[in-house]
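Visitor: The lines below spell out each chain.
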Amino acid sequence: AAGVIQSPRHLIKEKRETATLKCYPIPRHDTVYWYQQGPGQDPQFLISFYEKMQSDKGSIPDRFSAQQFSDYHSELNMSSLELGDSALYFCASSEGTGEYLNTEAFFGQGTRLTVV
Amino acid sequence: QKEVEQDPGPLSVPEGAIVSLNCTYSNSAFQYFMWYRQYSRKGPELLMYTYSSGNKEDGRFTAQVDKSSKYISLFIRDSQPSDSATYLCAMSSFPSGGYNKLIFGAGTRLAVHP
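Line by line, the protein sequences are chains A and B. One gets this note's numbering by counting positions in the first sequence from 1 and adding 127 to each. One gets this note's numbering by counting positions in the second sequence from 1 and adding 1172 to each.
Chain A on its own, in the form it takes in the complex (with noise of 0.2 Å):
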């Protein structure tokens, strides 16, 4: 079965560099979800999309950007890198059913961002 893919894998950068981190969704799942996950910290909610809309938003700083594009793929823009972002970014789907959101998430294997 498909699952949800996330690129790149591994990605290294220096300090007030620009990453872009992409997912792509399960297919006919409307809804992502990004999560930072910092070394044995517990997964942090960023931001999340409906069908290309932003639909709620958590611990994203302002440098941090994303966007759902119209075949549901998202990608979490980074700006001015700092050596505290360095983490493991997860990317979730779900089927959204209008109102009621089906919240069986499934995550991808996460993009390790290390910053030098």
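Possibly wrong hints are sitting among the right ones.
Claimed, not checked - Stretches of chain A that chain B covers, calculated by requiring three or more beta carbons in the stretch to come under 8 Å of a beta carbon on chain B:
1. 166–177
2. 235–243
What the hints assert, rightly or not - To list a few chain A residues with every Cβ distance to chain B over 10 Å, as calculated:
3. Glu144
4. Pro154
5. Tyr160
6. Ser197
Derived by calculation from the structure, the hints in this document are not laboratory data. This structure is a prediction, so every number in the text was calculated from the model and none was measured. Cβ coordinates follow ideal geometry from the N, Cα and C atoms, glycine included.
Here the structure of chain A is known, so what remains is to put chain B in place on it, guided by the hints.
Guide: Frame of chain A; chain B shown alone:
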């Protein structure tokens, strides 16, 4: 205080033992409860999904939700070394306006030794 509390462990048990993992929460609006298993450097894998109170069983795994006590549990019977992973509880509220997000516990690291 975090919305979801989970003992990070580590929890070490012998093979074949029954494992009990728990989370407590403070937000009474939570209606959906999930358990994820995460192996090192991998994405969380959905194990169990429960709506509202009650029990749900799937093979060696049983999830329990007690909304009156704001307490959820995951039981693993006949634990195997392959069950060694971090177990994350997650929950969300009934969506108002159609959208919601998962709130995670800190994760409990489980080690099952032969």
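Visitor: If a hint holds in the structure, say so; if it does not, say that too.
Guide: Now the hints, each set against the structure:
1. 166–177: holds (count 7)
2. 235–243: The restraint on the region 235–243 of chain A holds, since 4 of its residues have a Cβ under 8 Å from chain B and three suffice.
3. Glu144: holds (23 Å)
4. Pro154: holds (17 Å)
5. Tyr160: At about 6 Å from chain B, Tyr160 of chain A fails to clear the 10 Å cut-off, so the statement is violated.
6. Ser197: holds (19 Å)
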